[in-house]
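Chain order of the listed sequences is D and W. Residue numbering for the first sequence follows our numbering, starting at 592 and increasing by one per position. Residue numbering for the second sequence follows our numbering, starting at 592 and increasing by one per position.
Among the clues, some could well be false.
The list makes no distinction among identical chains, and a pair is therefore deemed to hold if it is satisfied within one copy or across any two copies.
Derived PhoX-like pairs (lysine-lysine); straight-line CA-CA distance at most 25 Å [what the hints assert, rightly or not]: (1) K725 x K660; (2) K660 x K705; (3) K759 x K802; (4) K833 x K802; (5) K897 x K660; (6) K897 x K832; (7) K680 x K707.
Calculated from the structure, these hints are not laboratory results.
2 protein chains.
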Amino acid sequence: MEEITIRDIARMCGVGVSTVSRVINDHPDVNPQTRERILSVIQKSGYIPNNSARNLKRTEARSIALVLKDIRNPFFTSMIDLLEVEVRKRGYSLVPHRVRAGEDEVDSAMEFIKEKRLQGVVFLGGYFRNSVEKLRMLRVPFVLSATGSMPDSESFALYSSVSVDDKKGSGRLVQHLIDTGHRDIAILAAERDEKSVSGLRLEGYLDTLEKNGIPIREELICRMDPDIAFFSSENGYETTKKLLDRKVRCTAICAFSDMVAIGVCRAVMERGGRIPQDYAVTGFDGINLSRYYTPSITTLRQPIEKIAEATVALLFERLENGGENRNLLYEGELLIRESTAGGILIETD
Amino acid sequence: MEEITIRDIARMCGVGVSTVSRVINDHPDVNPQTRERILSVIQKSGYIPNNSARNLKRTEARSIALVLKDIRNPFFTSMIDLLEVEVRKRGYSLVPHRVRAGEDEVDSAMEFIKEKRLQGVVFLGGYFRNSVEKLRMLRVPFVLSATGSMPDSESFALYSSVSVDDKKGSGRLVQHLIDTGHRDIAILAAERDEKSVSGLRLEGYLDTLEKNGIPIREELICRMDPDIAFFSSENGYETTKKLLDRKVRCTAICAFSDMVAIGVCRAVMERGGRIPQDYAVTGFDGINLSRYYTPSITTLRQPIEKIAEATVALLFERLENGGENRNLLYEGELLIRESTAGGILIETD
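Between the sequences and the hints, there should be enough to build the whole structure, so can you do that?
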């Protein structure tokens, strides 16, 4: 019996090959009835989509490692979905690998690559404070994705990276607060000298205050609780309660992620505060949830589709052609919502 | 040079071996200062924690597949964390494998196991409507975890499973609504005949209304949008808007997950409705976020720690001793919060 191809499926369904391909690759732009019909024909026919089971057997080791620490942040789970689609488009599979607390990311990745014979690595998120030098030792191409662009020319040459412009994005949120009359703006951040996503967002805050001639008040720079997951609502909640207890002059709070901002809002509301009348609140990332929270959260949406696409494109460029390291920065989109503007805003897509 | 052991690390830190082990395994019950000291000694010493890099090399193929479809629901990402800790305790590693839309879960798992030479499988979530018979064909031990217990004696013998009692849990939420004066209770659910988590929760709703002599009104059983991710806030939001547009008599809305409940609340509030005065809302799962949302969400907390522990214990029992299939059901915990009780409730742990 001849093997069933994607062309056969398209013919059986009376649609084009590209429509079948979009369904297989989970693209949203397919009519739901058509999608269901195609899926049902695929299942009945015994057709195994490209780079699924059969293809895997043939090409066995064609896999890319996805090395990450944090899966609880919806920002990262959305990124995983998008990276997977991009990698699969190229006939490879994506093999996730979690790094544990206390494990060095690069060491852990090296062992994993050797063990599983992987062709490349995407590092998603994480901190490379102590590991930048070590990245040289990786014997396969790799890209740092959404890890915080370390704008330091010397280490830039050591790796390829794709991320949002964290510093500029954070600056735009702070400028929006200043433009709406705030001067006493607190920020929830990591340690000041950390070269990480959160460190860069803190830099954006400091620069923007300075540019506007607003003195920096150390009492408004709140360190997150090191014993609670970093990007969690819990941490935003606990850190904000401590800030409110100190009763410093403050009318706005910048969280460095939407999940953290949700905890900030909860702490403010439990203390009887109104958002934004008593405290305006901003997040970062633009996860779906930031739209469904009440108040909906003013945030900087990361262009995750572009970041995922560029990450994988860059990885395969290096895989196939070698060449120089490149570092790409994308701009985010400022979304002004209820947590700074008030009222109930109804968004339409 | 002799190899550094966990005992050496414990001695260097002046703590017990079990404390070092808890830090390595990410247990929360370690003093933060102690944790940091231990991690720093581990990194400086070059000690490679058990079943990390070195151990992996030695035992190469000692891995368990984690097969799942949905990673966007925080319920599942929490479960992944817990399952990973349990599997690592036994010196194995957990290798996640995503099933794509249109792919059969069991077929996909079979190819993956063969390809990666895995010793066992945990299926996390998902639907087994068409696959229960096929599960027989798997050549390695497996456990269905949080997939919805299908209480059908014939198929029960075909697999081992661990989950919350979905039907009973849902019934308790509906009984709570009835006890607080509601009779016109809508539910957001999947198709009625589906044997899945959502189908079982719908059964709990129907049974509880019947037991209380409340007639079932079809117009209050709302089908989720099949073209939007099932457990998402988006789906809860869109489905609730359609319910409100129909202007049927209704004072309470049961969502079958917390993420969905968040979308329900948002839709109600955008239409100017008050929660719970105009509509009481319930969720399911007990994810952290349900506590930080405002209103905080009345829900059934799944005992995810117990479910993860029992899943892995059952898998290794079958791996090491063979034996009969077993099906374990755990009870959840009813958490009554602002979305049905009103006011601002401050929870203390």
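Is it within, between, both, or neither for K759 and K802, if the alpha carbons may be no more than 25 Å apart? This pair counts as within: shortest intra-copy Cα distance 13 Å, inter-copy 59 Å.
Copy assignment of K660 with K705, given that the CA separation must stay at most 25 Å: Answer is within; shortest intra-copy Cα gap is 19 Å, inter-copy 27 Å.
For K833 and K802, with the copy left unspecified, which applies at a CA distance of at most 25 Å: within, between, both, or neither? neither (28 Å within a copy, 48 Å between copies)
Could you place K680 and K707 in one of the four classes (within, between, both, neither) given a Cα distance threshold of 25 Å? Classified as both; 21 Å inside a copy, 21 Å across copies.
How do K897 and K832 come out at 25 Å by Cα distance, when the copy is not named: within, between, both, or neither? This pair counts as neither: shortest intra-copy Cα distance 36 Å, inter-copy 31 Å.
Given a CA cutoff of 25 Å, do K725 and K660 count as a within-copy pair, a between-copy pair, both, or neither? Within one copy only: 18 Å inside, 35 Å across.
My question is about K897 and K660: at a cut-off of 25 Å on alpha-carbon distance, are they close within one copy, between copies, both, or neither? Both: 22 Å inside a chain and 24 Å across chains, each within 25 Å.
Of the numbered hints given earlier, the model fails hints 4 and 6; all others are met.
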